[in-house]
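Visitor: Given the coordinates of chain Z, assemble chain P onto it according to the supplied hints.
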Amino acid sequence: MTDFAARRGFDTVSQRAQLRRRHRAERRFQFYGVAALSAAILFLALLLWTILGNAFGAFQQTMVRLPVHFAEDIIDPQGTRDIQNLGVADYGGLLKRAIRERFPEVTERRVKRKLYDIVSPGAVFELRDMVMQETETAGTGEIGIIGSTRNVWLTASDDVDQFLKGRISVETPEAHRRISDQQIAWVETLVQDGAIERHFNTRFFTGADSREPEIAGVGGAVVGSFLTLFVTLILTFPIGVAAAIHLEELAPKNRWTDLIDININNLAAVPSVVFGLLGLAVFLNFFGFPRSAPVVGGMVLALMTLPTIIIASRTSLRAVPPSIREAALGIGASRLQVIGHHVMPMALPGMFTGTIIGMAQALGETAPLLMIGMVAFIADIPGGLFEPATVLPVQIFIWADSPERAFIERTSAAILVLLVFLACMNLTAIIMRKKFELKY
Amino acid sequence: MYTELHDPRNFSLRRVANSGVYAGLKVGERPMRDSVPAGGICPGAKIIVRDIRVFYGNKQALYDVSLDVPENRVTALIGPSGCGKSTFLRSLNRMNDVVEGCRVEGHVMIDGEDVYDRNVDVVKLRARIGMVFQKPNPFPKSIYDNVAYGPRIHGIANNREHLDAIVRDCLTRVGLFEEIQDRLHDPGTSLSGGQQQRLCIARAIAVSPEVILMDEPCSALDPIATARIEELIDQLREKFTIVIVTHNLQQAARVSQLTAFFHLGRLVELDDTERMFTNPRETRTADYITGRYG
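So the protein lines, in turn, are chains Z and P. Position in the first sequence (first residue = 1) + 83 = my numbering. Position in the second sequence (first residue = 1) + 63 = my numbering.
With the rest of the complex left out, here is chain P:
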């Protein structure tokens, strides 16, 4: 029992033990909503990751990480720099594919489909799993075109009005429409840092993804802009499944329901955020949370 708990591979199994959600579930199977016990935090796993190993050339960056991402919840990935949390995030929508010399082993399932299957269209996958980056990176185009780009390339909008509606809807959702409705055709780069990041989120949700991956979305922003984004993340949770990498422990505590602690390429602990921050099981987690390293 003890060794089992210390094998990182079994952390999700431990969650199984804790919540009873995944009991008897095989890889690739989706948990039944009905099986969620009353008062449970996890209504179901959107993404199931099993034994994922990532290599950059000869260097291994992730060791056998297994993790379930529950649907319509915010999962925070925390850990010191270089612990592999960004690598893990990028493995979920295969953004690592474009990195020279990067190799991924193991399974990532979204709704029971293997993301790394040979027949998977990466383009479609990334439309389903959107991404927001550390530094706001709007295209050097107008605000409107930034949001409209995704729907355009995926042929989502049938006509001009539909596209306008999508853009308006997405900008409203991120709380940007009020602020900028009369300068939709100004360049996206003319906005402030926080507004740019919200624009990037609007751009990501414009293709109506199921999952949004956020790679330290607030690290380049001031506290007020950060607060707005956090608020937004909380709202977006209703429609999307969110995985967020953050260096800011308070942020993880504020926005997420589930927290995963990574260290040296391994998943050390995975638990409900509340429990993780109040009563971590691992000493390494406790040390990190209390600021002893990282």
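Isolated chain Z (complex conformation):
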């Protein structure tokens, strides 16, 4: 028996050892893969858990029920019921009187000021809106809200809100917390009376930014992000796709196109702040576009995303099999017909994907927008492309920077909104891709 003959069988000792070794190696390899995947999933779960845990509170807002007498002598001393006069009336005084009447035992001026702090400064506007809305809808001659006394739900201040959500501990020395023992006592009386409830926080989704966390909302930033991305999309998609088609299908391959090629790849790796600086120098200082406007933000982000979109579009153009081009050329299609009828339809799904990736990148971008003033405090929902606006990531940045306790949960909630925005965009991309996909 030679060695060769011994090696022949399936069941020799050396064969079995070899097989065992191979199986062990395969198992080890599989284990590494599973371990890496598990780690990734774990981190993702951790991230979502913290964000969700923090964000949950922001979706509910503590409200205080107060009997308010809408006294005519404060709201409308002349009795004209003129909307303009109603708008500028002293609702602060009205509110303060209502609070004082609720706690008649408080007389001292300094203590009274503490008492007023239970209700949010935003409550003044809530009262005004109530009056104006009811007066507008009510017909003449009706007994309106003015002169009546009503139980109304008003937004509590952020300190009361945070205290009731258990985020401010009573154990902390009084000097170190934003809500005093006396205020806690008042809140507790209100709780016992059933005059405190948590309502769903609609304002968080519809409102714009505010210095007061309890009335600050993400709505302005969502609209701002939407407008900005709209500008980015209508600029980058046509320009990016046209550039990709030219470079890939029409341009001759020479030193110039090589140079352009290299530069596009380099631009894709340029830090985004640089694009912000460019936008500041060109769009704001040279062309004189308005500061903080979505149109400028969109243009800056367009500069940033263009390379990504061009590269993705070129890749998907290159992925179209040459046999299709030849087939079309072979029956006498012109160059444009080849591109328009065959190459583009096949490359489009890939272009959509690339565009959405670029847009998702743009959606999360803060740095370039800081340069063009989109970091400003904007308390209004932007109504157009040229109005001051902020965007979601910048809003998150501003809130994360604010000292108020209640902004913590709002920051997380805003991150959640950003993630949902992103998920919607990706979903659109997937739907578009499925819709336009051609099999070959």
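It cannot be assumed that every hint is accurate.
Stated by the list, open to error - No more than 25 Å apart at the CA atoms, straight line, and that leaves these computed lysine to any residue pairs for SDA-like:
1. Z/336 - P/162
2. P/198 - P/345
3. P/204 - Z/436
4. Z/336 - P/120
5. Z/336 - P/204
6. Z/518 - P/184
7. Z/336 - P/118
8. P/204 - Z/186
9. Z/336 - Z/420
10. P/198 - Z/424
11. P/204 - Z/424
12. P/198 - Z/405
13. P/198 - Z/331
14. P/198 - P/215
15. P/187 - Z/436
16. P/198 - Z/423
17. Z/518 - P/122
18. P/198 - Z/332
19. P/198 - Z/420
20. Z/248 - Z/186
21. P/187 - Z/406
22. Z/517 - P/118
23. P/204 - Z/421
24. P/204 - Z/516
25. Z/336 - P/184
26. Z/518 - P/249
27. P/122 - Z/332
I should point out that these hints are in silico values taken from the structure, not numbers from a laboratory.
Guide: Leaving out everything else, chain P in the frame of chain Z:
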């Protein structure tokens, strides 16, 4: 006399000597049908190629090839890989134009018109000289749209009925209509390989070209599908002039009337298929045909 025979440029001249068809013919002139001698194989040249040289960048792929393609005949181009037969084929309808760095010198005449003239509309040219490729390449569209695409872009059909008729006619001609008439609107890629190739032929003839160039049309097909295509080629010969590149020598012998043997970018021998396969003049041809290389 001897040197003349060995200059590849003169092979067509030798054909002239053999058949008497092209005697006294200048470049660009079309031979008169009347001049075909009784029993001659070639009724006339559809395409006349003179001294064509093709370069890819600095590399020369074809050296002074001269060849006449007779009308309503199948001309087979054979030779080992990389011998320039596909390059030659693609020079005929200027498909090489789209290849980066490709340069063509010399003359290609179709019906006496220079294909490489500056005023030639390549789009019209390719509608006259259709092409079928090695791998079946139907568009990712329906079977109907695949065939209808050519007539549509060239504005051949006047209306819907006319277009339907063209599609039906072309599919019938390639023997596909019977098989697929109830799924005309299925994607072309749902067909089998052989059916796809026949669909591609139907697509090519839908614009009623005069010449069909086939670049190894059966190399991706099984023997049964190949047999069907060969049969089809034989039928198509009645209406079209066909030039086919093939690696399969038996196929060349079966379908063609004229065979050209290419080697290292030169046309080595051109003759009637029968004579080429039974009695080649050149030793290189004989070696290739008997399987000594290639």
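Visitor: None of the hints should be skipped; say for each whether it holds.
Guide: Do the hints match the structure? See the list:
1. For the suggested pair residue 336 of chain Z and residue 162 of chain P, the alpha carbons sit about 11 Å apart, so the restraint of at most 25 Å is met.
2. For the hint linking residue 198 of chain P to residue 345 of chain P, the alpha-carbon distance of about 32 Å lies beyond 25 Å, and the restraint is violated.
3. With a CA separation close to 22 Å, the supplied pair residue 204 of chain P and residue 436 of chain Z stays within the 25 Å bound.
4. Only pairs whose Cα atoms come within 25 Å are accepted, and residue 336 of chain Z paired with residue 120 of chain P is accepted, the gap being roughly 13 Å.
5. Restraint check for residue 336 of chain Z and residue 204 of chain P: the C-alpha separation of about 31 Å exceeds 25 Å, so the hint is violated.
6. Of the supplied pair hints, the one linking residue 518 of chain Z and residue 184 of chain P is violated, its CA atoms being roughly 37 Å apart against a limit of 25 Å.
7. Between residue 336 of chain Z and residue 118 of chain P, the direct Cα distance comes to roughly 17 Å. Compliance with the 25 Å bound is thereby established for this hinted pair.
8. Taking the CA atoms of residue 204 of chain P and residue 186 of chain Z, the gap is near 78 Å; set against the 25 Å cutoff, the hint is violated.
9. Between residue 336 of chain Z and residue 420 of chain Z, the direct Cα distance comes to roughly 21 Å. Compliance with the 25 Å bound is thereby established for this hinted pair.
10. Annotation: proposed proximity of residue 198 of chain P to residue 424 of chain Z holds, straight-line Cα distance about 20 Å (limit 25 Å).
11. At roughly 11 Å between alpha-carbon atoms, residue 204 of chain P and residue 424 of chain Z fall within 25 Å of each other, so this suggested pair holds.
12. Straight-line distance between C-alpha atoms of residue 198 of chain P and residue 405 of chain Z comes to about 11 Å, which keeps the hinted pair within the 25 Å bound.
13. A C-alpha spacing of about 24 Å is found between residue 198 of chain P and residue 331 of chain Z, which places the hinted pair at or below 25 Å, so the restraint holds.
14. Distance check on the hinted pair: residue 198 of chain P and residue 215 of chain P sit about 24 Å apart at the alpha-carbon level, within 25 Å; holds.
15. With a CA separation close to 37 Å, the supplied pair residue 187 of chain P and residue 436 of chain Z exceeds the 25 Å bound.
16. Between the alpha carbons of residue 198 of chain P and residue 423 of chain Z the distance comes to roughly 23 Å, so the proposed pair stays at or under 25 Å and holds.
17. For a cut-off of 25 Å, the pair hint linking residue 518 of chain Z to residue 122 of chain P is broken: about 45 Å separates their Cα positions.
18. The suggested pairing of residue 198 of chain P with residue 332 of chain Z holds, with an alpha-carbon distance near 22 Å, which does not exceed 25 Å.
19. The suggested pairing of residue 198 of chain P with residue 420 of chain Z holds, with an alpha-carbon distance near 22 Å, which does not exceed 25 Å.
20. The hinted pair formed by residue 248 of chain Z and residue 186 of chain Z meets the criterion: a straight-line CA distance of about 23 Å does not exceed 25 Å.
21. Taking the CA atoms of residue 187 of chain P and residue 406 of chain Z, the gap is about 20 Å. The hint holds against a cut of 25 Å.
22. The hinted pair formed by residue 517 of chain Z and residue 118 of chain P fails the criterion: a straight-line CA distance of about 43 Å is larger than 25 Å.
23. Taken as a hint, the residue 204 of chain P and residue 421 of chain Z pair is honoured in the structure, with Cα atoms around 14 Å apart against an allowance of 25 Å.
24. Between residue 204 of chain P and residue 516 of chain Z the CA atoms are separated by roughly 17 Å; this keeps the pair inside 25 Å, and the hint holds.
25. Note on residue 336 of chain Z and residue 184 of chain P: the hinted pairing holds, with a Cα-Cα distance of about 24 Å set against a maximum of 25 Å.
26. Among the hinted pairs, residue 518 of chain Z with residue 249 of chain P is consistent with the structure: their alpha-carbon atoms are about 17 Å apart, no more than 25 Å.
27. Of the pairs offered as hints, the one joining residue 122 of chain P and residue 332 of chain Z holds, with about 24 Å between alpha carbons and a cut-off of 25 Å not exceeded.
Checked against the numbered hints listed earlier, the structure breaks hints 2, 5, 6, 8, 15, 17, 22; every other hint is satisfied.
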